[in-house]
Amino acid sequence: MSPSFWLYLIASLAGVTCALSGIYLVLRRQAMLADAISHSILPGLVAGFWIAHGPNLIAGFVGAVAAGLTTTMLVEGLTRTKKIANDSAIGLVFPAMFAIGVIWISLQFSNVHLDTDSVLFGEITLAVFDRFVIGGRDLGPQSVWILLAALVLNIAYLVLFRKELRIATFDADHAWLQGFDSRVIHYSLMVVVTITSVAAFTAIGAILSVALIIVPAVIARLLSNRLVPIILVTLTVGLMSALIGTSTAIAGDLNIPGLVSVFLGVIFGMTLLFSPHQGIIAERAKRARQRMHFAIQSLLIHIHEHENTPEEATESTLEHLSDEFGWSDSWSHSVAHNAEKRGLLSLNQPIIRLTEKGRKEIQPGN
Amino acid sequence: MSLSIRDLTVIYRDAPVLRDIDLDLPKGQLCAIVGPNGAGKSTLIKAALGLVEPVSGSINWCGAPLRTQKTKVGYVPQRSSVDWDFPTDVFDVVLMGTFSRVGWLKSPGKAERKRVAECLDLVGMAEYAKTQISQLSGGQQQRVFFARALAQNAELTFMDEPFAGVDATTEESLLNVLKTMKSEGKTIIAVHHDLQTVRERFDHITLLNKRIIASGSMDATFTESNLKAAYGIDFAIAGGVD
Amino acid sequence: MSWFNDYTLRTVILGTSLLGLFSGALGCIAVLRRQSLVGDTLAHASLPGICLAYLLFRSREALPLMLGAAFAGLIAMGIVSVTQRATKTDPNSALGTVLTIFFGAGAVILGIIQRGHDAGQAGLDKFLFGQAASLVTSQVVAIATIGLISLFVFAMVFKEFKLLAFDPIFAESVGLPVRRTNIILTGLLVGAVVVGLNTVGVILLSAMLVAPGVAARQWTDQLVKMVVLAGLFGCLGGGLGAYLSTVAAEMPTGPVVVLVLVAWVVISLIIGPAKGIAFRAKRRQEATS
Numbered sequence: 001m002s003p004s005f006w007l008y009l010i011a012s013l014a015g016v017t018c019a020l021s022g023i024y025l026v027l028r029r030q031a032m033l034a035d036a037i038s039h040s041i042l043p044g045l046v047a048g049f050w051i052a053h054g055p056n057l058i059a060g061f062v063g064a065v066a067a068g069l070t071t072t073m074l075v076e077g078l079t080r081t082k083k084i085a086n087d088s089a090i091g092l093v094f095p096a097m098f099a100i101g102v103i104w105i106s107l108q109f110s111n112v113h114l115d116t117d118s119v120l121f122g123e124i125t126l127a128v129f130d131r132f133v134i135g136g137r138d139l140g141p142q143s144v145w146i147l148l149a150a151l152v153l154n155i156a157y158l159v160l161f162r163k164e165l166r167i168a169t170f171d172a173d174h175a176w177l178q179g180f181d182s183r184v185i186h187y188s189l190m191v192v193v194t195i196t197s198v199a200a201f202t203a204i205g206a207i208l209s210v211a212l213i214i215v216p217a218v219i220a221r222l223l224s225n226r227l228v229p230i231i232l233v234t235l236t237v238g239l240m241s242a243l244i245g246t247s248t249a250i251a252g253d254l255n256i257p258g259l260v261s262v263f264l265g266v267i268f269g270m271t272l273l274f275s276p277h278q279g280i281i282a283e284r285a286k287r288a289r290q291r292m293h294f295a296i297q298s299l300l301i302h303i304h305e306h307e308n309t310p311e312e313a314t315e316s317t318l319e320h321l322s323d324e325f326g327w328s329d330s331w332s333h334s335v336a337h338n339a340e341k342r343g344l345l346s347l348n349q350p351i352i353r354l355t356e357k358g359r360k361e362i363q364p365g366n
Numbered sequence: 001m002s003l004s005i006r007d008l009t010v011i012y013r014d015a016p017v018l019r020d021i022d023l024d025l026p027k028g029q030l031c032a033i034v035g036p037n038g039a040g041k042s043t044l045i046k047a048a049l050g051l052v053e054p055v056s057g058s059i060n061w062c063g064a065p066l067r068t069q070k071t072k073v074g075y076v077p078q079r080s081s082v083d084w085d086f087p088t089d090v091f092d093v094v095l096m097g098t099f100s101r102v103g104w105l106k107s108p109g110k111a112e113r114k115r116v117a118e119c120l121d122l123v124g125m126a127e128y129a130k131t132q133i134s135q136l137s138g139g140q141q142q143r144v145f146f147a148r149a150l151a152q153n154a155e156l157t158f159m160d161e162p163f164a165g166v167d168a169t170t171e172e173s174l175l176n177v178l179k180t181m182k183s184e185g186k187t188i189i190a191v192h193h194d195l196q197t198v199r200e201r202f203d204h205i206t207l208l209n210k211r212i213i214a215s216g217s218m219d220a221t222f223t224e225s226n227l228k229a230a231y232g233i234d235f236a237i238a239g240g241v242d
Numbered sequence: 001m002s003w004f005n006d007y008t009l010r011t012v013i014l015g016t017s018l019l020g021l022f023s024g025a026l027g028c029i030a031v032l033r034r035q036s037l038v039g040d041t042l043a044h045a046s047l048p049g050i051c052l053a054y055l056l057f058r059s060r061e062a063l064p065l066m067l068g069a070a071f072a073g074l075i076a077m078g079i080v081s082v083t084q085r086a087t088k089t090d091p092n093s094a095l096g097t098v099l100t101i102f103f104g105a106g107a108v109i110l111g112i113i114q115r116g117h118d119a120g121q122a123g124l125d126k127f128l129f130g131q132a133a134s135l136v137t138s139q140v141v142a143i144a145t146i147g148l149i150s151l152f153v154f155a156m157v158f159k160e161f162k163l164l165a166f167d168p169i170f171a172e173s174v175g176l177p178v179r180r181t182n183i184i185l186t187g188l189l190v191g192a193v194v195v196g197l198n199t200v201g202v203i204l205l206s207a208m209l210v211a212p213g214v215a216a217r218q219w220t221d222q223l224v225k226m227v228v229l230a231g232l233f234g235c236l237g238g239g240l241g242a243y244l245s246t247v248a249a250e251m252p253t254g255p256v257v258v259l260v261l262v263a264w265v266v267i268s269l270i271i272g273p274a275k276g277i278a279f280r281a282k283r284r285q286e287a288t289s
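Protein chains in written order, with the numbering used here: chain A, 1 to 366; chain B, 1 to 242; chain C, 1 to 289.
None of these hints come from the bench; they were simulated from the model.
Where a beta carbon is used, it is the ideal one built from N, C-alpha and C, also for glycine.
You may find that some hints are simply not true.
Simulated restraints, written as ranges between beta carbons of each label pair [unchecked claim]:
id, chain 1, residue 1, chain 2, residue 2, range
1, A, Arg29, C, Val174, 29 to 39 Å
2, B, Ser56, C, Phe158, 37 to 47 Å
3, A, Asp323, B, Gln196, 45 to 55 Å
In isolation and in its complexed conformation, chain A is listed as follows:
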């Protein structure tokens, strides 16, 4: 099979796996923990390599997972002192972990190729050539198998703990009283996220793995407030952006992880604008509708108040509305015509008159 086949496979697997692990992270409003974990993996990797006397995959993996968990526990511990806010704790712990990693590298491995650059950006093109060979048989790139294992782990976790994840996220106190310690959920979720980041980052780099963990779930959250659609949208966005980003990057000889992030950004931007529930345009339209509705109500009440009074001739004219409400002429017109179109009043004569429907509209209790 050709290298580009493996490339696409790695990218899609990373997209789907990371996206899945991000769903509850985003629902629990802890997206930045993914960022923190992905950075603090570094000293764990170094520790693993140091113990194994070289870039040993399994040792590095174990070290990285341990480092991710350490970060989670330190953040939790610092927050629990109530002397440091949670965001400050995150902002302190992961740079400290990263700093330890960088210093350790400079002391121990100045000759080994483990530069922070590739930790951040990843080397997806090289990942294809790191083969998994057993008994002389080439089973494809290592990354494929690692990501596949992470994917299975994510699916199993979401299915097995679906009840516990829900109750602990919705109401942690209630969950605890029911015998579900939400810390167990918190830490197990962090283990899954850490393993996913570690599995993904050798192929696609720390930053893209964070992007794929956070952004698809955030997009899905903007589009739906039901769990199953959220999961489906998250998966689709993860997969699509990975595939489109990779193919565009190959065609244009561009940085693959970077371009996948950019595509995630494009989808996010479109959702932000056009989402039917929460999108900016939908929101604007809703606000305009409310503004019009309120203006029409005020107009109807004004006309009603002056109905059959001597001032009616001056008060209930289209021209007077700008003085009465401080409206611009064009807005007065559009409010009045809108109300006419809804059959609430009639503009046939100089004096504006309410229709039956208009009268009903402003009756109390309506």
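Given chain A, put chains B and C in place with the hints provided.
Only chains B and C this time, still in chain A's reference frame:
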């Protein structure tokens, strides 16, 4: 006396919120905890539930530590304490009340679902079963919490201001739920803020202001002198005191 | 004191101390407004700005690159704020989304620059990982200039900041121009970030902003004192870290500075009188007895 609190002290930010609390509450009754703002009412029930770590003290239910019998305890928190944006529906939230019986890694079955439907019916929310929780009004949210507590079928339920900010109809139907629970022998302990209504709604009252001012049956305890001791100002009790 | 005669060393220590002073004082904005991760987002989001500025000016001079970083940072925060205002997205999600997307875009542009095998591009890496050890006088001057301007502006809006950090709803009700103040405060954070980028780099920057403020908070309950102490801690921590990294051991400066500051946070947490663990335990004992 079945809920027994001994020597409970809770400190928050260096200042004692509750100090040397000794309190006994009867089984099978509707018990109110009242007191001025900052008296530690919510803290008291959170400490009893184990949600707040006390500096000292023990809480026993029927002679055994309450924390070893968590599954017998229900809780109706203040509405603002949960994530109403969480993507789920009313039925699912009430179903969560059955999770302690179901246990880790297992799914609730037919019996639980039937129970949830009954509870929703009791609080008048049956037609909202599939509604997203983000679309509920305040009163409806409170009904959902009551249904969740019912579904749990706990012996002892703590409620934090159950009638705060709900409309009159909801209040009426929630009161009926409380009466139903009482008739089934359940114990309710609720933080209540409204002195006007506490008398007719509860059987037992505890006046709290960082310490226990008075605790006992409504008639014997709801007196002007006790209220004055708790609130520090004079109160004219509507309808008079016997 | 022979090291003080070493010109390079003096420049590095001076530059790092100044950076610590500015980012420590300005970082209090982030710490008190629960925006500690904003610094991290700004730092990551600056990458495309730096790369574009390089493509535009073909220069590795500190100032144009800093301007590019500031520009990108402001746009990023604009998107974060629009997202939060228009939708129910929580701050963590909004920050994480914008951070990763901007950084990814930066990686794409950086790739294009690197493909050109441009001799000048080597300097761009410094912005990512920081190269305090190679600070030159012109950079120290740039740090001092931007830092002093930022501090001056901070002093001007200090009253508004106090109100906004303590009670934003009250601030709005008394007619404080909340939106404009927010933009100015975010601008100040951007200033602190671009100053720090080429010294400690993208990833370590959030610690430079957060650590001095968090440490200072453990020593005082007063806002002015907190900002002054944070500046002092940042300055001393920066200087000590730079000194240790170059004189005492051959280690990268940025990480050593960060570890020095974080160590000071831990010490402050334990012995600081305002919120320190030791003092609290004592007071708690008094309260119960």
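Cross-check of the supplied hints:
For the hinted restraint 29 to 39 Å between Arg29(A) and Val174(C), the CB-CB distance of approximately 30 Å keeps it satisfied. Look at Ser56(B) against Phe158(C): about 43 Å separates their beta carbons, and that is inside 37 to 47 Å. Checked against the hint of 45 to 55 Å, the C-beta distance between Asp323(A) and Gln196(B) comes to roughly 48 Å, which is consistent with it.
Checked against the numbered hints above, the structure violates none of them.
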